[in-house]
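S.K.: As a plain string of letters, each chain reads:
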Amino acid sequence: MIIKILGSGCPNCQLLEANAKKAVEELGLKDVKVEHIYDMDKIVEMGIAFTPAIAFDEEIRAAGRIPEVEEIKGWLQEKTNN
Amino acid sequence: MKRLVFGVILILLILGILVGYEWYGAFKKSKLIEQGIYPKEPFPVLPGTPWWQIPFLTLFSYLEKAWFCLGMAFLIAGAVQTFIPKELIVKHLGKRNPKAYFIAAFGGPLLSVCSCSIIPLFAAIKKRGAGLGPAITFLLATPAINPAAIILTFSLLSWKFVIGRIVLALSAAIITGLLIDKIWGKEDTKEISTLKIDYQEKPLNIKKDLIEWLKNVLDFVKKILPLVLIGIFIIGIVKIFLKPEIISRYLGQGIWQIALASIMGVVMYTPTLVEIPFVKELLSLGMGTGPALAFLLTGPALSLPSMLGVSKVIKWKIVLNYALIMWIVGIIGGLIFAWWVPQIKLI
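Line order of the protein sequences matches chains A and B.
Just so we're aligned, residue 54 is where the first sequence starts under the working numbering, counting upward by one.
Just so we're aligned, residue 411 is where the second sequence starts under the working numbering, counting upward by one.
Bear in mind the hints are in silico, worked out from the structure with no lab data behind them.
Note that CB positions come from ideal geometry on N, CA and C, so glycine has one too.
Hints should not be assumed to be uniformly reliable.
Quick partial rundown of chain A residues pointing at chain B, CB under 7 Å, derived from the structure [as the list claims (entries may be wrong)]:
no.: 1; residue: Met54
no.: 2; residue: Ile90
no.: 3; residue: Val97
no.: 4; residue: Ala102
no.: 5; residue: Thr104
Under the rule of at most 25 Å between Cα atoms (straight-line distance), these lysine-lysine pairs were calculated in the DSS-like manner [as the list claims (entries may be wrong)]:
no.: 6; chain 1: A; residue 1: Lys74; chain 2: A; residue 2: Lys132
no.: 7; chain 1: A; residue 1: Lys75; chain 2: A; residue 2: Lys126
no.: 8; chain 1: B; residue 1: Lys618; chain 2: A; residue 2: Lys126
no.: 9; chain 1: A; residue 1: Lys86; chain 2: A; residue 2: Lys75
no.: 10; chain 1: B; residue 1: Lys722; chain 2: A; residue 2: Lys95
no.: 11; chain 1: A; residue 1: Lys95; chain 2: B; residue 2: Lys725
no.: 12; chain 1: B; residue 1: Lys596; chain 2: B; residue 2: Lys612
no.: 13; chain 1: B; residue 1: Lys625; chain 2: A; residue 2: Lys126
no.: 14; chain 1: B; residue 1: Lys570; chain 2: B; residue 2: Lys439
no.: 15; chain 1: B; residue 1: Lys625; chain 2: A; residue 2: Lys75
no.: 16; chain 1: B; residue 1: Lys725; chain 2: A; residue 2: Lys74
no.: 17; chain 1: B; residue 1: Lys570; chain 2: B; residue 2: Lys755
no.: 18; chain 1: B; residue 1: Lys618; chain 2: B; residue 2: Lys596
no.: 19; chain 1: A; residue 1: Lys132; chain 2: A; residue 2: Lys83
no.: 20; chain 1: A; residue 1: Lys95; chain 2: B; residue 2: Lys632
no.: 21; chain 1: B; residue 1: Lys505; chain 2: B; residue 2: Lys592
no.: 22; chain 1: B; residue 1: Lys475; chain 2: A; residue 2: Lys95
no.: 23; chain 1: A; residue 1: Lys74; chain 2: A; residue 2: Lys86
no.: 24; chain 1: A; residue 1: Lys86; chain 2: A; residue 2: Lys132
no.: 25; chain 1: B; residue 1: Lys439; chain 2: B; residue 2: Lys475
no.: 26; chain 1: B; residue 1: Lys412; chain 2: B; residue 2: Lys625
no.: 27; chain 1: B; residue 1: Lys618; chain 2: B; residue 2: Lys633
no.: 28; chain 1: B; residue 1: Lys755; chain 2: B; residue 2: Lys438
no.: 29; chain 1: A; residue 1: Lys95; chain 2: B; residue 2: Lys727
no.: 30; chain 1: B; residue 1: Lys755; chain 2: B; residue 2: Lys505
no.: 31; chain 1: A; residue 1: Lys95; chain 2: B; residue 2: Lys505
no.: 32; chain 1: B; residue 1: Lys755; chain 2: B; residue 2: Lys441
no.: 33; chain 1: B; residue 1: Lys725; chain 2: B; residue 2: Lys592
no.: 34; chain 1: A; residue 1: Lys75; chain 2: A; residue 2: Lys132
no.: 35; chain 1: B; residue 1: Lys755; chain 2: B; residue 2: Lys439
no.: 36; chain 1: B; residue 1: Lys592; chain 2: B; residue 2: Lys501
no.: 37; chain 1: B; residue 1: Lys596; chain 2: B; residue 2: Lys617
no.: 38; chain 1: B; residue 1: Lys612; chain 2: A; residue 2: Lys126
Produce the complete structure using the sequences and hints provided.
M.R.: Here it is, written out as structure tokens:
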């Protein structure tokens, strides 16, 4: 699975990327990659209006806010348990 | 809905306190100044003041005048951020109809998004929502009349500038959006699709929401206050070199002066809120009211960084075109304001 961070590279997006990386690291998930997408066309393509946004593959989890590490961890656990 | 209502009541309450304080305070202060109990200017710049003290005195003077209002402005900006659901506004920007222009103009300022998230939102409205025209309107209206700027304008300049700024900035944004859509709109009608926005109403949880509010306020303070302080300090430095003769010749009342002031607004990058003390200083040095308002109209709306960002989403030609239209509309706005308020007395 790929965690996509969508944002133009502003401080908020960087913070979200750091949170996501930390969540992955703390759970020790090796097969999960974090990818930051800066391209505006791709962001709009996905139907996102508010940045920063976080998506698991194509599925948007949050937009326009910065989820905490714990929240991202919760989503990851829920994903890997299924 | 409860959460929104709670937020609106909170915002109105702070606004009420602020307006009451400003009105009563100004009244009391002018009496005390008359009686000579209170100095007119606690940090005066006199002919004998050493030049290096001027920036510091300017900074202190503004802090003394504006600390209360600035604080309230941050509280309100935080409340707007916390309690006004952005999704609700943007959802109405999803369809192509004339109403979208008004929602873009009036709703944009309520979104109080930071400059780096304006561009994605602009792209989303243009490509998947209401189209190019409303997207331009949104882009121009949002920075021009954010709640904090309106409050500071009221406190430092006058309520006439507040009315002028709101009415003229909104009309300028709508007119520019409509014209751009007329000229370029046909090109991009092919990719109509809808914006996916899930709006889930959050229940009201007073304790949690108040904490979130304060967190957002702190965020704004951390992001904006340093820039405001540095900006005012730089105004103090600029003041050392400015002479009233120059200001009244190039920025006094008149159409060429208005045109010059609005270009100045585009070229000079003033961080948000700093444009207000800057205009106040220039007004006291002899700037006309028309050029002052023209500067306030075009300056925030057309900054070079924002135009650079937008050019990633739309063609340079369209960017230059909307800047040109906004400039002309800004000049007309300046003329209207100069006719309505030929002169202004500042406290």
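S.K.: Taking the hints in turn, state whether each one holds.
M.R.: Each hint, compared with the structure:
The restraint placing A/Met54 at the interface with chain B is violated, with a minimum CB-CB distance near 21 Å, outside the 7 Å limit. Annotation: A/Ile90 was flagged as interfacial toward chain B, and the flag is violated, the nearest CB pair being 11 Å apart, outside 7 Å. Given hint, A/Val97 at the interface with chain B, holds; its Cβ is 5 Å from that chain's nearest Cβ, closer than 7 Å. Hint status for A/Ala102 relative to chain B: holds, with the closest Cβ pair at about 4 Å, below 7 Å.
Below 7 Å, beta-carbon pairs count as interface contacts, and A/Thr104 has one with chain B at about 5 Å; its hint therefore holds. Restraint check for A/Lys74 and A/Lys132: the C-alpha separation of about 16 Å stays at or below 25 Å, so the hint holds. As the CA atoms of A/Lys75 and A/Lys126 are separated by approximately 9 Å, the hinted pair is consistent with the 25 Å bound. Between the alpha carbons of B/Lys618 and A/Lys126 the distance comes to roughly 21 Å, so the proposed pair stays at or under 25 Å and holds.
At roughly 12 Å between alpha-carbon atoms, A/Lys86 and A/Lys75 fall within 25 Å of each other, so this suggested pair holds. About 12 Å separates the Cα atoms of B/Lys722 and A/Lys95, which keeps this hinted pair within 25 Å; it holds. For the given pair, A/Lys95 sits about 17 Å from B/Lys725 by alpha-carbon distance, which is consistent with the 25 Å threshold. Of the supplied pair hints, the one linking B/Lys596 and B/Lys612 is violated, its CA atoms being roughly 39 Å apart against a limit of 25 Å.
A distance of roughly 22 Å separates the Cα atoms of B/Lys625 and A/Lys126; the hinted pair therefore holds under the 25 Å criterion. For the given pair, B/Lys570 sits about 21 Å from B/Lys439 by alpha-carbon distance, which is consistent with the 25 Å threshold. Distance check on the hinted pair: B/Lys625 and A/Lys75 sit about 22 Å apart at the alpha-carbon level, within 25 Å; holds. A hinted pair counts as satisfied when its Cα atoms are at most 25 Å apart, and B/Lys725 with A/Lys74 does not qualify at roughly 35 Å.
For the given pair, B/Lys570 sits about 11 Å from B/Lys755 by alpha-carbon distance, which is consistent with the 25 Å threshold. Distance restraint check for B/Lys618 and B/Lys596: the Cα-Cα separation of roughly 47 Å exceeds the 25 Å cut-off, and the hinted pair is therefore not satisfied. The straight-line distance between the Cα atoms of A/Lys132 and A/Lys83 is roughly 14 Å, inside the 25 Å bound, and the hint therefore holds. Proximity of A/Lys95 to B/Lys632 is assessed by CA-CA distance (about 31 Å); at most 25 Å being required, the pair is judged violated.
With a C-alpha separation of about 17 Å, the suggested pair B/Lys505 and B/Lys592 falls inside the 25 Å cut-off, and the hint holds. At most 25 Å may separate the alpha-carbon atoms for a hinted pair to count; B/Lys475 and A/Lys95 exceed this at roughly 47 Å. This hinted pair checks out: A/Lys74 and A/Lys86 have alpha carbons roughly 8 Å apart, not beyond 25 Å. A threshold of 25 Å between alpha carbons decides the hint, and for A/Lys86 with A/Lys132 the separation of about 14 Å falls inside it, so the pair holds.
Proximity of B/Lys439 to B/Lys475 is assessed by CA-CA distance (about 11 Å); at most 25 Å being required, the pair is judged to hold. At most 25 Å may separate the alpha-carbon atoms for a hinted pair to count; B/Lys412 and B/Lys625 meet this at roughly 21 Å. For the given pair, B/Lys618 sits about 23 Å from B/Lys633 by alpha-carbon distance, which is consistent with the 25 Å threshold. Straight-line distance between C-alpha atoms of B/Lys755 and B/Lys438 comes to about 18 Å, which keeps the hinted pair within the 25 Å bound.
In summary, the hint linking A/Lys95 to B/Lys727 is supported, as the alpha carbons are separated by about 23 Å, within the 25 Å threshold. In summary, the hint linking B/Lys755 to B/Lys505 is not supported, as the alpha carbons are separated by about 45 Å, beyond the 25 Å threshold. Between A/Lys95 and B/Lys505 the CA atoms are separated by roughly 21 Å; this keeps the pair inside 25 Å, and the hint holds. Distance check on the hinted pair: B/Lys755 and B/Lys441 sit about 17 Å apart at the alpha-carbon level, within 25 Å; holds.
Taking the CA atoms of B/Lys725 and B/Lys592, the gap is near 16 Å; set against the 25 Å cutoff, the hint holds. Of the supplied pair hints, the one linking A/Lys75 and A/Lys132 holds, its CA atoms being roughly 17 Å apart against a limit of 25 Å. Between B/Lys755 and B/Lys439, the direct Cα distance comes to roughly 16 Å. Compliance with the 25 Å bound is thereby established for this hinted pair. Between B/Lys592 and B/Lys501 the CA atoms are separated by roughly 24 Å; this keeps the pair inside 25 Å, and the hint holds.
Note on B/Lys596 and B/Lys617: the hinted pairing is violated, with a Cα-Cα distance of about 50 Å set against a maximum of 25 Å. Of the supplied pair hints, the one linking B/Lys612 and A/Lys126 holds, its CA atoms being roughly 22 Å apart against a limit of 25 Å.
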